[in-house]
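**Student:** Residue-level listing of the chains:
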Amino acid sequence: MVRLGRLLTGSQALGEDLAQEAFLGLLRAGAVAAPEAYLRRSLVNLSINHGRRAARERAHLLTLREQQVAAPEIDEIWPLVLALPPRQRAVLVLRYYEDLSEAEIARVLGCRAGTVKSLASRALRRLRLEIDS
Amino acid sequence: MTDIETRLQLTFAHVADATVIPPVPRPEPVPGTPAPSHRRRWPVLVALAGVIAAVLVVIEAVLPSGTPGAPPKAVAAIERLAVTAARSPGDRAKPGQYSHLIERIRQGNETIVIQTWTSHDGLSWRSYTANDGAPPYSVGWGESDTADPSLQFLDSLPTNPTALNHYLRSHVSGSSSTDAAVFTAAGDLLRQGDAPPALRAAVIRVLERTSGITAEAAEDSVGRAAVKITFTDPTRQSGPQSLLFDPKTSSLLEEQDGPNFTATYTYTRPADKVPAVVAAEAGPRPSRPSPATSSSPATASSPTTAA
Chain A
1 MVRLGRLLTG
11 SQALGEDLAQ
21 EAFLGLLRAG
31 AVAAPEAYLR
41 RSLVNLSINH
51 GRRAARERAH
61 LLTLREQQVA
71 APEIDEIWPL
81 VLALPPRQRA
91 VLVLRYYEDL
101 SEAEIARVLG
111 CRAGTVKSLA
121 SRALRRLRLE
131 IDS
Chain B
1 MTDIETRLQL
11 TFAHVADATV
21 IPPVPRPEPV
31 PGTPAPSHRR
41 RWPVLVALAG
51 VIAAVLVVIE
61 AVLPSGTPGA
71 PPKAVAAIER
81 LAVTAARSPG
91 DRAKPGQYSH
101 LIERIRQGNE
111 TIVIQTWTSH
121 DGLSWRSYTA
131 NDGAPPYSVG
141 WGESDTADPS
151 LQFLDSLPTN
161 PTALNHYLRS
171 HVSGSSSTDA
181 AVFTAAGDLL
191 RQGDAPPALR
201 AAVIRVLERT
211 SGITAEAAED
221 SVGRAAVKIT
231 FTDPTRQSGP
241 QSLLFDPKTS
251 SLLEEQDGPN
261 FTATYTYTRP
271 ADKVPAVVAA
281 EAGPRPSRPS
291 PATSSSPATA
301 SSPTTAA
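Respectively, the protein sequence lines represent chains A and B. Heads up, the first sequence is in this note's numbering, so the first residue is 1 and it goes up one at a time. Heads up, the second sequence is in this note's numbering, so the first residue is 1 and it goes up one at a time.
Since the hints were made in silico from the structure, they are not lab data. For glycine and all other residues, C-beta sits at the position ideal for the given N, C-alpha and C. Hints may contain errors.
What the hints assert, rightly or not - Computed Cβ-Cβ distance ranges for the label pairs, DEER-style:
#  : chain 1 : residue 1 : chain 2 : residue 2 : range
1  : A       : P35       : B       : A76       : 49 to 59 Å
2  : B       : A16       : A       : A29       : 38 to 48 Å
3  : B       : G90       : A       : E36       : 37 to 47 Å
4  : A       : D17       : B       : A76       : 56 to 66 Å
5  : B       : P95       : A       : A29       : 43 to 53 Å
6  : B       : A198      : A       : I131      : 50 to 60 Å
7  : B       : T235      : A       : S133      : 41 to 51 Å
8  : A       : S133      : B       : P89       : 15 to 25 Å
9  : A       : L24       : B       : G96       : 33 to 43 Å
10 : B       : R169      : A       : E130      : 35 to 45 Å
11 : B       : Q152      : A       : A33       : 54 to 64 Å
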C-alpha cells in the first residue's frame, strides 16, 4: 500500500501518510469482505482528494521533504506523470502498476469505464506531447 | 503495448521499489550547451517503425483522400441519425430526479454491470457487480468536462455543429489524434443520455466532419438493431472504436473499443430515487469540488432514497 501511495502521490512521506489513513479507515469500517480492495480504493480516493485540495502544497512538500537524489534508472517520464491531474495519474498507476482492467479501475475510482478510457487516453496523449516537445 | 506504456510499467516498478523518490523538477538546461538526454530512444524507434508501416497500409483504405470528414455514404447515414436525434425528445431527468443508467462492461473475459444514478447537480451514486467482494457502491462528483459531463456542462455547449466541432477540437485532449479525441468525446457526451436533442444532433453531425469514419447497419452485443459508426485511426494500436446508435431514437446503445472492450447501455431513464441500499452503503456525501473544477453552481441536496 505504501508503494501504491508513493506512486499515486510522488512522495514517500505523503504515500505513507495516506496509506496509514487508509488503514485507519479500514479499522473504523470493521469487517470488510475484501480488505485489500477496500484499502486500494481508499488510498486512491485519498490521493485524488489530496491532489484537489493541495496540489501546490504537495509540490512544495516534494521539494522540501524528499531528498533530491539522481536516479538514472528512472525514466524521464516520471516527473511528467507527477504533473498529471490526480485522476489521470491514478488511472495510469492502477493500469500499469496494479495491472487492473478498465472495468476494475472504474470500480476503484467510482466512475464509468468509458470515463476511465477517456482519462487514460488523455494522460497518454499528454505524456506523448510532453516527451515530443 | 506502446513505447509509453512499456516505459510507464518499468518506471512504476522502479519508483515503487526505490528507496528514495527520484527528483521531480526537470533540470534547467545550461544556456549554450545541449542538455543531456536520459531518454530511452530504442522503444520509440521500434514503435515509430511500426506506426509508419501501419499508416502506409491503412491510410488509403480509411481516410477519404484529400477531404476532411466522413465519406459520402457514411455522411448520409449519420445525417439520418442526426435528424432523428433532433426530433427525439429523450428522457432527461428533471430537477429532483436522477438519471439512471445501466451499463454492462465486457473487457476480455470479465463482465461487470454498473448502475449510475446522477442527480441534477452532478452527484453520482454507483453500484457495481462485485464478484471479488470489493466495495460495490460509491458516491462522487463528476469532473464536469467532456470526459464526465454534468447537465450544466451539456447545456453550456454550442448546438451548432460547426461551433461544436470547433469547440471540441480546441478543448479535447488525449487519444492518438485530434480526430480520435473528438470521437471519444462524442461518446462521452452521449453516454448518459442527458444531452438535449439539439446537442445530440450536433454531436452526431460533428462525426460527419471527422476523418476516418465509416457507418453501417449492425447489431449490438445484445442483438438490438443499430447504426454502427466506426472511427479507424491508423496510428492507434488497440484497433477501431465504434459507437452504436438506435436508428429509431439515435440514443447510444453501445461503445466498442478494439476487440476486447464493449460497454452496452441497456437502460437510460429518469429515476425519482436512489435505492436506499445504494445511498446507505456508498457512504457519506462528499463535499463538492472547488468551483475551478466544476462549471455548475453548488445547489445539491441530500439524495432522495427509495426503500
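**Student:** Now, for every hint given, state plainly whether the structure supports it.
**Tutor:** Now for the hints, and whether the structure bears them out:
1. P35/A x A76/B: 49 to 59 Å: holds (56 Å)
2. A16/B x A29/A: 38 to 48 Å: violated (26 Å)
3. G90/B x E36/A: 37 to 47 Å: holds (41 Å)
4. D17/A x A76/B: 56 to 66 Å: holds (59 Å)
5. P95/B x A29/A: 43 to 53 Å: The hinted range 43 to 53 Å is violated for P95/B and A29/A, with Cβ atoms some 34 Å apart.
6. A198/B x I131/A: 50 to 60 Å: violated (40 Å)
7. T235/B x S133/A: 41 to 51 Å: Given a distance of about 18 Å, which is not inside 41 to 51 Å, the answer is violated.
8. S133/A x P89/B: 15 to 25 Å: Once the Cβ atoms are compared, 46 Å apart, the range 15 to 25 Å for P89/B and S133/A is violated.
9. L24/A x G96/B: 33 to 43 Å: holds (37 Å)
10. R169/B x E130/A: 35 to 45 Å: violated (20 Å)
11. Q152/B x A33/A: 54 to 64 Å: violated (37 Å)
In summary, the structure is inconsistent with hints 2, 5, 6, 7, 8, 10, 11 from the numbered list given earlier, while agreeing with the others.
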